[in-house]
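Line by line, the protein sequences are chains A and B.
At position 290 of the first sequence the residue is numbered 338 (our numbering), and the sequence of numbers has no breaks.
At position 162 of the second sequence the residue is numbered 210 (our numbering), and the sequence of numbers has no breaks.
Since the hints were derived computationally from the structure, they do not count as laboratory data.
Heads up, some of the hints might be wrong.
Note: identical chains are not told apart, hence a pair may lie in one copy or across any two.
[As the list claims (entries may be wrong)] Listed below are the simulated DSS-like cross-link pairs for lysine-lysine, each with C-alpha atoms no more than 25 angstroms apart in a straight line: (1) Lys493 <-> Lys359; (2) Lys183 <-> Lys84; (3) Lys359 <-> Lys428; (4) Lys115 <-> Lys178; (5) Lys212 <-> Lys413; (6) Lys493 <-> Lys115; (7) Lys134 <-> Lys164; (8) Lys215 <-> Lys178; (9) Lys115 <-> Lys497; (10) Lys213 <-> Lys115; (11) Lys359 <-> Lys51; (12) Lys359 <-> Lys497; (13) Lys497 <-> Lys238.
2 protein chains.
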Amino acid sequence: MKKTDVLIIGGSASGIVTAITGKTQYPDKEFLIVRKEKHVLVPCGIPYIFGSLGDSNLNLISDDPLKNLGVKIMVAEVVSIDYTKKICTTAADEEIGFEKLVIATGSSPRITDKIKGTDLENVFTVPKNKVYIDKILEKIQTAQKIVIIGGGFIGIELSDELHKKGKEVTIVELLPHLLDTVFDEEMSVKVEQTLAERGIQVKTGMAVDEITGESSVSGVTLQNGEIIPADVVFLCIGYKPNTELAHKSGIVLNTSGFIKVDEYMRTDKQDIFAVGDCAENRDFITRKIITPMLASTACAEARTVGLNLYKLSTVKTFNGTISIFSTVIGDTCFAVAGITEKSALKEDFDIVTATFTGMDKHPGKLPGMQAQTVKLIVSKDSGVILGAGICGGASIGELINVTGLAIQNRMTVNSLLTTQIGTHPLLTGPPTAYPLIKASEAVIKKIRKQAKL
Amino acid sequence: MKKTDVLIIGGSASGIVTAITGKTQYPDKEFLIVRKEKHVLVPCGIPYIFGSLGDSNLNLISDDPLKNLGVKIMVAEVVSIDYTKKICTTAADEEIGFEKLVIATGSSPRITDKIKGTDLENVFTVPKNKVYIDKILEKIQTAQKIVIIGGGFIGIELSDELHKKGKEVTIVELLPHLLDTVFDEEMSVKVEQTLAERGIQVKTGMAVDEITGESSVSGVTLQNGEIIPADVVFLCIGYKPNTELAHKSGIVLNTSGFIKVDEYMRTDKQDIFAVGDCAENRDFITRKIITPMLASTACAEARTVGLNLYKLSTVKTFNGTISIFSTVIGDTCFAVAGITEKSALKEDFDIVTATFTGMDKHPGKLPGMQAQTVKLIVSKDSGVILGAGICGGASIGELINVTGLAIQNRMTVNSLLTTQIGTHPLLTGPPTAYPLIKASEAVIKKIRKQAKL
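Please put together the full structure from these sequences, using the hints given.
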């Protein structure tokens, strides 16, 4: 029987980062990644294969960093885990013994039975699977009309990329707005406007009744009877955790189907960890279970696991997960961190919000200047920053990480106002009106005004 | 006699932000700014007037935000302060009474008597003065050969902007490297290489003996005898605080000539504050007096003053100033936060440093991807992050603020490793190899290795 010290099931972001961090921390231990795919795609880069990149080979994660560290890789499917004997078995009936097991099996696109016709030819999902993505790439060469069902991140980024390639793209979203579950309304509206201005059809608050066609798709029928002609349809209605293996092996899942883990990503079974999309997350602010399914979150978890595989050496001072992510449409960028206003209200937080729109360069006459809007969601009495929504140019990709650190360090608007921020004419907003600071000031002003009433 | 509640002397960044924050906090108080200049330049934008902007009118700070709030503005020069009677007198002999006084008199270019010929025609400094800058702009129209004496931020940014306009530019720096006092050597070397690649002559470790010419400058003679022909010379050898007024009025200065202030920017005299370049700063890490002279620092101080003019309502939880700034040459950006390696060693900190170079987009094949290098300076036993140096594309302008918050929140590399970072293919490094995180990992690896020896 094959044996390893640390066995990692899954070769995407969280598997890789667990292996690299773990092998660096415990160089004397043997690490083996077992993965199903020969080539691993950069997960967040997948939409860009369809436009800016044009080729999935430009979106691969190299095995070199793993190999250089001495991490072994095996292409196979693990079909069972015996957690008492500490043995995994592959589809080819090979047994692998382990000291520590890390389940990093990721997620797969959801399919719904509420929409008829999802099995027609040229109806695709967007899995993290190079072979499948290459098949789509070939098929869409001749397609002109494309309908994307689902206005989440993948749907939106895909629509913009396909549109760059000259396709006629329509997005259909069931909820009142695109990105409805992760953005506040005004930011969703701005996303919709930006897409529309670029020539993408956006239909929100609209259920899809049926995907129609003979053998291949020819159109999408909406609940209001409208028919949108389509050569290709993408189903982008979310992802489900790949937890069948864990479940059937007796590892406990939560009620949403994610593997239950503690703060250090330890499952209920001794020496078995779970990381990434298949593992549960607890929200930093609400303390509820959330399902961000982000590579960045997965990697933070994977670092925690890698460092703490044999001993809890790296104490997790940030307790829980904040949602933090960004997206781009054309040259307009959108990002959120922490909790949105609507989630905060739903969770009964007593909050104040304020928004400031300024510039992302200074003076504003510098070429390439874009407006930058920062909204802060703040606990009214404690002043603690709970969340932020930012819209602007490319610099907001890191500006959201500034707010992310503010939230995770439990900073108040008060402390933000007295902190030092670096500014530069070509790179940031002005020192006199740095939008994150101005939004903090606006929050404080509101809090004081309300206190006087 | 004219009377106001809050009198602010100086109309640049710190004066403006004091007025806006203060008037917002204390709307019932009357605020008056007395400034010498009719039009106020964006201070950090000044080098860009000579290239990207081309016109000082595109680099003005509007008075509208002040006027809209009801802040009064008076163009005059205050020549004396009577702190017992609480009266200022202007050059036109007008008296202004105040309840609270904020001295925001800024800084002026240094001139040295070690270099002969600084009084020749076409030898300029770079003051925050529109009239003077407009005069330079006119004079350099016909100039072709320009020598910049002093390789600090202003000298470097100016050289790159003038070069964009087709000028032949040479920078001469006395110290061994450009930006020698604020960057570690490897980053200075990279700055020098980037400038040289762009066609700017860089001469470091080189004293200037004399600026030569009949009435107008014709050349610069170096200490080694070399003569550089020059139509125009810029003296960019630093700035001195404008504290004569405070000094002669009996307000205490420190030994470096800055106005002595406490944590809340209060001078030794009741109800008199000082902010910005004229006020002293205490380093967040070394606790020593430092002189960053940055608009961003000035604005952080000004917010503290504005909020706390009448009552210490906004407690300063960040104690001291971190140096945090960025600059750009061509499309390569450089930024630092906190302490450099050489300053840390000079101050006897027991440190570990590590550097990681990765990508600022992912996958690396995306158009416009630039390398991103992060160096961390970390306290060896406590793991506390003391400083960072970053080099890369435009996103580092905000990435340095991520590290700035990490330092000011006294984060350790351990806590940074377990924090959530948001990533996006087009906007940031990859989740699997975000350079700031990878640099933290490299630091931890080194600390552990050393612990085993």
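Quick rundown of the hints versus the structure:
In this assembly of identical chains, Lys493 and Lys359 lie within 25 angstroms of each other by CA distance solely across copies; the values are 16 angstroms between and 47 angstroms within a copy. Proximity of Lys183 to Lys84 under the C-alpha cut-off of 25 angstroms is restricted to the intra-copy arrangement: shortest distance 18 angstroms within a copy versus 69 angstroms between copies. Proximity of Lys359 and Lys428 under a CA criterion of 25 angstroms is satisfied inter-copy only: 21 angstroms between copies versus 40 angstroms inside one chain copy. With identical chains, the CA atoms of Lys115 and Lys178 are at most 25 angstroms apart within one copy only, with a shortest distance of 21 angstroms there and 59 angstroms across copies.
Proximity of Lys212 and Lys413 under a CA criterion of 25 angstroms is satisfied inter-copy only: 17 angstroms between copies versus 29 angstroms inside one chain copy. For the homomeric pair Lys493 and Lys115, the shortest alpha-carbon distance between copies (19 angstroms) is at most 25 angstroms, but the shortest distance inside one copy (55 angstroms) is not. In this assembly of identical chains, Lys134 and Lys164 lie within 25 angstroms of each other by CA distance neither inside one copy nor across copies; the values are 43 angstroms within and 81 angstroms between. For the identical chains of this complex, Lys215 and Lys178 are intra-copy neighbours only, at 22 angstroms inside a copy versus 51 angstroms across copies, given an alpha-carbon limit of 25 angstroms.
For the identical chains of this complex, Lys115 and Lys497 are inter-copy neighbours only, at 21 angstroms across copies versus 60 angstroms inside a copy, given an alpha-carbon limit of 25 angstroms. Taking identical chains as interchangeable, the C-alpha atoms of Lys213 and Lys115 are never at most 25 angstroms apart, the minima being 36 angstroms within one chain and 49 angstroms between chains. For the identical chains of this complex, Lys359 and Lys51 are intra-copy neighbours only, at 21 angstroms inside a copy versus 68 angstroms across copies, given an alpha-carbon limit of 25 angstroms. Taking identical chains as interchangeable, the C-alpha atoms of Lys359 and Lys497 lie at most 25 angstroms apart only when they sit on different chains, with a minimum of 17 angstroms there against 51 angstroms within one chain.
With identical chains, the CA atoms of Lys497 and Lys238 are never at most 25 angstroms apart, being 29 angstroms at best within one copy and 50 angstroms at best between copies.
Checked against the numbered hints given earlier, the structure breaks hints 7, 10, 13 and satisfies all the rest.
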